[in-house]
Every structure is written in structure tokens, then in C-alpha cells.
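Work out the full structure, taking the sequences as your base and the hints as a guide.
The lines below spell out each chain.
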Amino acid sequence: MIDALVLTILMTSVPLILAATGELVVERSGVLNLGLEGMMLMGAVSAFALTYVSGSLLVGLLAGIMSGCLTAAIFGFFVLGLATNQVATGLALTIFGTGLSGLIGSDFVGKAIEGLPTVFPETLSNMPFIGVFFALDAIAYLSIFISFLVWIFLFKSKYGLILRACGISHNSAHSLGYKVLTVRWCSILFGGMMAGLAGAYLPLMLTPHWSEGMTSGRGWIALALVVFASWMPSRIVYGAILFGAITIMQLAGQARGWTIPPQFLSSLPYIATIFVLVLISSKGTAKYLAPSDLTRPFISSK
Amino acid sequence: MKNNRFIIFAGLLAIIAAVFYFTTNVDQVEDKETKMKVAFVYLTNPGDHGWTYAHEVGRQQVQEHFGDKVETSYVENVPEGPDATRVIRELAQNGNDMIFTTSFGYMEPTLKVAKEFPNIKFDHITGYMRAENMATGNIRFYEGRYVQGVVAGLTTKSNKIGYVAAFPIPEVIQGINSFAQGLKSVNKNATISVVWANTWYDPVKEGDAAKVLIAEGADVLAQHTDSPAMLQTAEKAGVYGFGQSSDMHEFAPSAQLFASVNNWGPYYIAQIQKAMDGSWTTGEGPDHRAGNTWKGLSEDFLVLTDFKNMPSNVAKAAQEARDGIANGSINIFSGPMMDNEGNQILASGEVLDDGGLWAMNYYVDGVIGKIPN
Chain A
1 MIDALVLTIL MTSVPLILAA TGELVVERSG VLNLGLEGMM LMGAVSAFAL
51 TYVSGSLLVG LLAGIMSGCL TAAIFGFFVL GLATNQVATG LALTIFGTGL
101 SGLIGSDFVG KAIEGLPTVF PETLSNMPFI GVFFALDAIA YLSIFISFLV
151 WIFLFKSKYG LILRACGISH NSAHSLGYKV LTVRWCSILF GGMMAGLAGA
201 YLPLMLTPHW SEGMTSGRGW IALALVVFAS WMPSRIVYGA ILFGAITIMQ
251 LAGQARGWTI PPQFLSSLPY IATIFVLVLI SSKGTAKYLA PSDLTRPFIS
301 SK
Chain B
1001 MKNNRFIIFA GLLAIIAAVF YFTTNVDQVE DKETKMKVAF VYLTNPGDHG
1051 WTYAHEVGRQ QVQEHFGDKV ETSYVENVPE GPDATRVIRE LAQNGNDMIF
1101 TTSFGYMEPT LKVAKEFPNI KFDHITGYMR AENMATGNIR FYEGRYVQGV
1151 VAGLTTKSNK IGYVAAFPIP EVIQGINSFA QGLKSVNKNA TISVVWANTW
1201 YDPVKEGDAA KVLIAEGADV LAQHTDSPAM LQTAEKAGVY GFGQSSDMHE
1251 FAPSAQLFAS VNNWGPYYIA QIQKAMDGSW TTGEGPDHRA GNTWKGLSED
1301 FLVLTDFKNM PSNVAKAAQE ARDGIANGSI NIFSGPMMDN EGNQILASGE
1351 VLDDGGLWAM NYYVDGVIGK IPN
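Line by line, the protein sequences are chains A and B.
For the record, in the first sequence the residue sitting at position 28 is 28 according to the numbering used here, with numbers rising by one throughout.
For the record, in the second sequence the residue sitting at position 203 is 1203 according to the numbering used here, with numbers rising by one throughout.
Accuracy of the hints is not assured; some may be wrong.
Just the calculated beta-carbon pair ranges, DEER-fashion [said to hold, decoys possible]:
1) B:G1355 with A:I274: 31 to 39 Å
2) B:Q1063 with A:F129: 17 to 25 Å
3) B:G1238 with A:S267: 48 to 56 Å
4) A:V53 with B:P1286: 25 to 33 Å
5) A:L103 with B:G1283: 54 to 62 Å
Distance condition first, Cα-Cα at most 25 Å in a straight line; then the derived PhoX-like pairs of lysine-lysine [stated by the list, open to error]:
6) A:K111 with B:K1236
7) A:K111 with B:K1308
8) B:K1274 with B:K1160
Since the hints were made in silico from the structure, they are not lab data.
Since we're looking at a predicted model, the values are computed, not measured.
The beta carbon of each residue, even a glycine, is placed where N, CA and C say it ideally should be.
This is how it looks when you write it as C-alpha cells:
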């Protein structure tokens, strides 16, 4: 019983880890993309449609990643190419992605596919206590691995340092000869791919069908999670599992007849995020603060 | 410079939004005086399952039944609230003679527009507010849930039933209690655990709720939310469930025991026919009580799909329960009836009337927990 609950919590947190890790890289480079929800939906609908048409989960996954990337490219074109306001463009991207995914997906509503298989054989996943950690699918393990790689990249590599420099002070990075726009383009596209993969996880694994707006605000939770994690990759994993646990425990609590109002529990991720914001701003440790050039458009002076 | 770009960008977005908006008003061909124009307002894209789909089937039946005499149109994805008022008003201005608004949340918007257009007939689905030119229609959804309870009671081995519900409003509570009455009629030991999803439609959350209920030991699941996610989860976990609003067996061929299908077509056809004959009325008095239609299994407003994935004795019991409700020999809420805190609701021989059904704010005996406020 507990095993099944833990498994559900882990699976719920996978799309959050993926989307938030991608967004973390984007924000570390100094760009705020509020279009997560839109990119996730585009990833979800493409992944489902291509899986349904081709019958191959791999094709579907790649389609999800690519369409997340393409949607992010639209965002990149506006905020980097035209230096538009990032907040407004990001919000527009969410609306755009929601609408377009609904349009593309209208032919696929009500169709069902086979979901992703688990990686390990049942003998492993049926073991007591630790079995649950062998009961997941490939993307779940991949999400933890990517989060680890992002940490290595950001804090142990030269390129990560450049990326963070662009986020902290794009003018300084520019005067040192680094191509701020190129760095930001790369991180936006990476963020899009991760959001696409996160979106693809919903119709391929969690509920193997497509329905309009099926992310239901998970993109926004992932955005809150980046702040909650104070822009640190490892904390995204803990935070996502914590947010997942809150979501699942409020359902389990109801099934057991606990009397905590579910509305209160549903709002806990946001309350926790505000709490963390208060904590980090009172501590004032630079490492855990938002990149200082976040949302400021970079226009190179020629 | 930056501002200019932003304005151009915003302008482009507005154009795109306008194009999307106008393309959603499908089927609106130019006015012809001989035809009666009927419009439907939908909460979501009709798709091919669930609440709005059932209304779309009804609209198609209307079109088929009346042929050239009636011209139907619909607007989909209309959010409840101020947007609904705008859409309904536009439909009224566009020369529609009759407008069906198909979600509870359209109640006040419909009433507001109905008062502005006294010559147009409005019909609101599942609400309780009426006016001179605004009738209401509803289905006794809870009758199907009694049959679900009977099947669940005979199917469960763990004696734990999971129930994913949307919002604690009377319609949903009627469903839970009716299910419990059916369950208890065949199995005194089974209990119902209710999980409130606080949404009509969030497939991932509905799926999560189902997983949690299965983890808690439930082996038959019921739902009062709209997506097939719960049934898909049941299929995967090897437990059973019931389809919602429309047949969902394609999502769960070996898990769906049966589905209660909302059959709106006959109601729409009858109302439109009355409007043509001039016999459409909402009755006298401030509440226009006569303008309310609330029917269920007996009039085929609610239809049950074939009983599947169950042994023949269970299917037989289900059929008997269905027929009993339809012919009036089974009264779902009849005394003695207790709530789950031990208070007597109905004494022996008493029967709950419609007013009592709409005032339900308690769980009957057999349901675990408390209704959240």
C-alpha cells in the first residue's frame, strides 16, 4: 500500500523535475520563460499524436521534445531577436500553446495508446521496500540523471560559468567577449526540449490519452518550483518530490477520511514557494538568489 | 523602438485571437427566415467522450430529427463567467430563436441575457434559476449510480469502493448517496471512500486519485469527474470502474463494467418541438416551476450501456435494479435511511422528495468521512 503511494508520488514528480530543470537553465542564463505550460502542452499533443500515428513511443517522445524546442524558438525569436518584454511574451506563449495544442489535438481526443513500459523486470519491482525504485519507466530515471548532468554543467564546467555569468550580468559577459545571445538561445532551446519532454510524459505515461489543456497548471507549479529550489538543480528534485507528495497525500488523506481541507493542501506548493522566497531574501546569500539580470533584455551596443 | 515592437506583437496576437474566435463559431450560415435557429453553448471541445460530447450527440439528433426545419450551431470552449454572458448575448443578437446553455456555471449569465432578450427562448441545463423565457432541463444522473452501486457491491472482493468526485454540490452528493444505497442493497460490508478532486476535468489528478484509491485497497472505482483517466488507471491496475456521461469502453475494455450515458437528444427535440408548436412555456409563478424537466431512466434521459466484464448473475441484478428504478418499484431514497453519523434522515415508510434531494448535505450510511465545506 505504501509502495504504491510512493510510486505514484515519484511518477507525479517526474514532469515537474523535467520542466523545472529546463526552466532553471533558462533562468540561470537571464531569461524568464513563463510559457512552460504552453510548451508542455505542445510537447504533450505532439508526443501523443505521433505515437498514435506511428505506433512508436520513441518517435512520439522525439516529436514531443522537438515541438517543445520549436515552441521555445518562437519565444526566443521575440525575446532575443526583438528584445520584447519576457513576461508578456511568456504569457502569450502559454496562451498560444494552449490554443494550438487544442487545435492539433482535436482529431486525437478519445484515442488511447499503450503507455511507456517499466525498465526493470517484475521480480525486481516486487521486492519489499526497495522494489518501488525499480518500478519506474525510463524517463523517470532519465529525469534524475539530467538533473545531475545540469548540476555538473552549471557548477563544474567552464561553459556553465559563462551561462551563469550571462544571467548575473550580461554586460560584463558581453565585454569579456562571450556571445550572450547565443548562450541564451541555447538555454531557451534546451528549456523548450525539457518542457516538451515533460509534456510528453503526461499522455505517454501518466494518463495514456490526449485531452485539451491536460497539463492543468503543472507548468506553473514547475515555475514555482524553480524559485522554491532557489535556482539549484538538486533542490528541484527534492522540491518536485515534495510537491508530488503534497499532491498525492492530500488525495490519500481524503481516502482515509482525514479532515484537513483539500483546498488548503492544494495551495501548499505555492505557500511553500513564498516561504522560501522570504527565507532566501532575508538570508541574502548571493548563490541562492535569482540571477540579477533575469528578465532584462540584452541589446548589444554596436 | 522596443515599445513599437511590443505593440506590433500584441496586435498580431489580437488578430490571431480574433481568427481563432471567429472560427469557433462553426455552422453559422446566413439567416433564413423559415428555419428555426437553435444554438448550443459548450463548456469544452466536444471530443468524443464525456459531458460536452453527450450534448453534441443531442444536437446532432436534433439536426437529424428536424432536418431542414431547424438550423443548429454551437460555440465550444466557453468559460463559465463573464465570457459566457458575452457569448450568449452574441448568439441572441445573431438571430437565434432558442439557446441551450449546457453547464451549471452558465446559470447566471443565461438569466442575465434572458432578461435582455424576452423574445428568445433560453434553456439552461442542470440549473435551478428560471424566468418567463428561461426553462431548465436536467437528468436524474443519480439513478444510474444506484445501479453502479449494485454492480460494485457484487463485484468487490476487498469491500472497498473508491469514488473520485468533483465538487461537493448537491448533484454530486446525490450521486454518492445513491451509489451507497445501491451498494448496501446487495452488500452490507462494503464502504465507499470519497476523494474530492476539486475539478471537473484534470486527467492527471483524476488518474492520481484513482491510483491512491487503489493503493488504499479499493477494487471498484466510481467517478463523478469527466475524463477517462480513472478508467485507464483501473484498466492498468486490473480493477473495475464505470464510465462517465458517455461510453468509455475503448479506454478500458476490460475494466468498464458499464457507463451511464446522458441522453439529451429527446429533451432537446421535445423542447424545440414545443417552441415550434407554441406550447413552450415555463409556467406561472415566480420560480416558473413548470419550466423544469428532470427525468431519468424511466424516460430514457439516462441510458446504461451493456453490462460487461461481470458474471451473468451480476448483470441480471443490475438489469433488475435498472428496471426497478425505471418502473418505480425501487425508490432509491426511502426510509429507514441514516446518515453516516448515525442521525436518522428518513423514518420507515418515508420517501425523499425532490426538494430533499437538492438539500442533501450529508453522506448516507456506508460512506466514509465528511463532506468538505
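Right, here's what the structure says about each hint:
1. Evaluation of the 31 to 39 Å hint for B:G1355 and A:I274 yields a failure: the beta carbon distance comes to about 45 Å.
2. Taken as a hint, the range 17 to 25 Å is violated for the pair B:Q1063 and A:F129, whose Cβ atoms sit roughly 59 Å apart.
3. With their beta carbons about 34 Å apart, B:G1238 and A:S267 fall outside the hinted range of 48 to 56 Å.
4. The beta-carbon spacing between A:V53 and B:P1286, approximately 57 Å, falls outside the hinted interval of 25 to 33 Å.
5. Hint check: A:L103 to B:G1283, Cβ distance near 43 Å, so the stated range 54 to 62 Å is violated.
6. For a cut-off of 25 Å, the pair hint linking A:K111 to B:K1236 stands: about 16 Å separates their Cα positions.
7. A C-alpha spacing of about 21 Å is found between A:K111 and B:K1308, which places the hinted pair at or below 25 Å, so the restraint holds.
8. With a CA separation close to 47 Å, the supplied pair B:K1274 and B:K1160 exceeds the 25 Å bound.
When each numbered hint is compared with the structure, violations occur for hints 1, 2, 3, 4, 5, 8.
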